[in-house]
Amino acid sequence: MNLRWFVRKGILFFPVSIIGWIISLASIVLCVYLFMDIDSRSHSASDTLINFVFMALLVAVVYSIIGYFTSNEKVKE
Amino acid sequence: MDEKEFNDKMNRLRKPGFENHQPDTSLRLAIINSKKSAAMGVWFLVVPCYFLFMVLMKYYFNVNLHLIGIFEDFIASLDKSPVTKLIPPLFFIVLPIAGIVINLLSIMFFEYDKDRQQINISVKLKPFNILLVLISFAVISIFMLYLVIENIHYLNN
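From first to last, the protein sequence lines stand for chains A and B. At position 68 of the first sequence the residue is numbered 68 (this note's numbering), and the sequence of numbers has no breaks. At position 44 of the second sequence the residue is numbered 1044 (this note's numbering), and the sequence of numbers has no breaks.
Check the hints yourself; a few may be wrong.
[As the list claims (entries may be wrong)] If the Cβ cut is set under 7 Å, some of the chain B residues that face chain A in the computed set are: (1) N1033; (2) K1036; (3) Y1050.
[Claimed, not checked] Computed from the model, here is a short list of chain B residues facing chain A with C-beta under 10 Å: (4) M1054; (5) F1074; (6) S1081; (7) K1085; (8) I1087; (9) F1091; (10) I1100; (11) I1102; (12) Y1154.
Simulated from the structure, these hints should not be mistaken for laboratory data. Predicted model only: the values in this text are computed from it and were never measured. Where a beta carbon is used, it is the ideal one built from N, C-alpha and C, also for glycine.
All chains, full assembly: derive it from the sequences and hints.
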């Protein structure tokens, strides 16, 4: 499978195709939704941020896994 | 730079020679790109490290950031379905193991010596990949130790 949806720069994966952009935007929308959901149930600003960071990291890990398998990078050794 | 200076510089350049250069006896190719594996290893460690940091803050520094309580509620909600039940072990055990595997494969080279009937394994010293392997191993050890102790405690009761 020769997919090239993302390109890696450092530890981040940036979209380079339409599907990549759709996945990136979906991740951002999901993060915004999670923030609003957590904020509606939390008691303070720090409570919101701490829990949002945890959920955002979960989203970022899944996004990076997709980026890892769909960034066509050659082995340079 | 004038012409004389340029010519002197060109004359001082070291000419390539064949005298001391031995050709490589074998071509070693890594299975996975090491930089890409390191990037993925970082992401695989982010969630368990964040969780461990919160635990450390709560139980050693007595700073309760309320993540543990929320996390317990989150795990309890995931436990209700047999599919979502697999998510916590995936993030805390499986992904760090995957991090170890991809980072080791990116720095290890395997070569089969047919004459001597042996497999030569060599490891390229890439500090960042090795560090990620060690941290992943530590994280898995902590969670496995916790599971063992928790289950022993449960069995004793």
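Consistency of the hints with the structure:
At a threshold of 7 Å, the smallest CB-CB gap from B/N1033 to chain A is about 5 Å, leaving the interface hint in force. The criterion of a C-beta within 7 Å of any C-beta in chain A is met by B/K1036, whose closest approach is roughly 5 Å, and the hint holds. Contact between B/Y1050 and chain A, as hinted, is supported at the beta carbon level, the nearest pair being about 6 Å apart and thus within 7 Å. The criterion of a C-beta within 10 Å of any C-beta in chain A is met by B/M1054, whose closest approach is roughly 8 Å, and the hint holds.
Hint status for B/F1074: holds, given a least beta-carbon distance of 8 Å to chain A, under 10 Å. This hint is violated: B/S1081 has a C-beta 17 Å from the nearest C-beta of chain A, more than the 10 Å allowed. Using the Cβ-Cβ criterion of 10 Å, the hint placing B/K1085 at the interface with chain A is not satisfied: the shortest such distance is roughly 16 Å. For B/I1087, the suggested interface contact is upheld, since its CB lies about 9 Å from the closest CB of chain A, less than 10 Å.
Because the beta carbon of B/F1091 sits about 7 Å from the nearest beta carbon in chain A, less than 10 Å, this interface hint is met. This hint is violated: B/I1100 has a C-beta 15 Å from the nearest C-beta of chain A, more than the 10 Å allowed. The beta carbon of B/I1102 is positioned within 10 Å of a beta carbon in chain A (closest approach about 9 Å), and the interface hint is therefore held. Annotation: interface hint on B/Y1154 violated; nearest CB of chain A at approximately 26 Å, more than 10 Å.
Taken one by one, the earlier hints fail for this structure at numbers 6, 7, 10 and 12, listed in ascending order.
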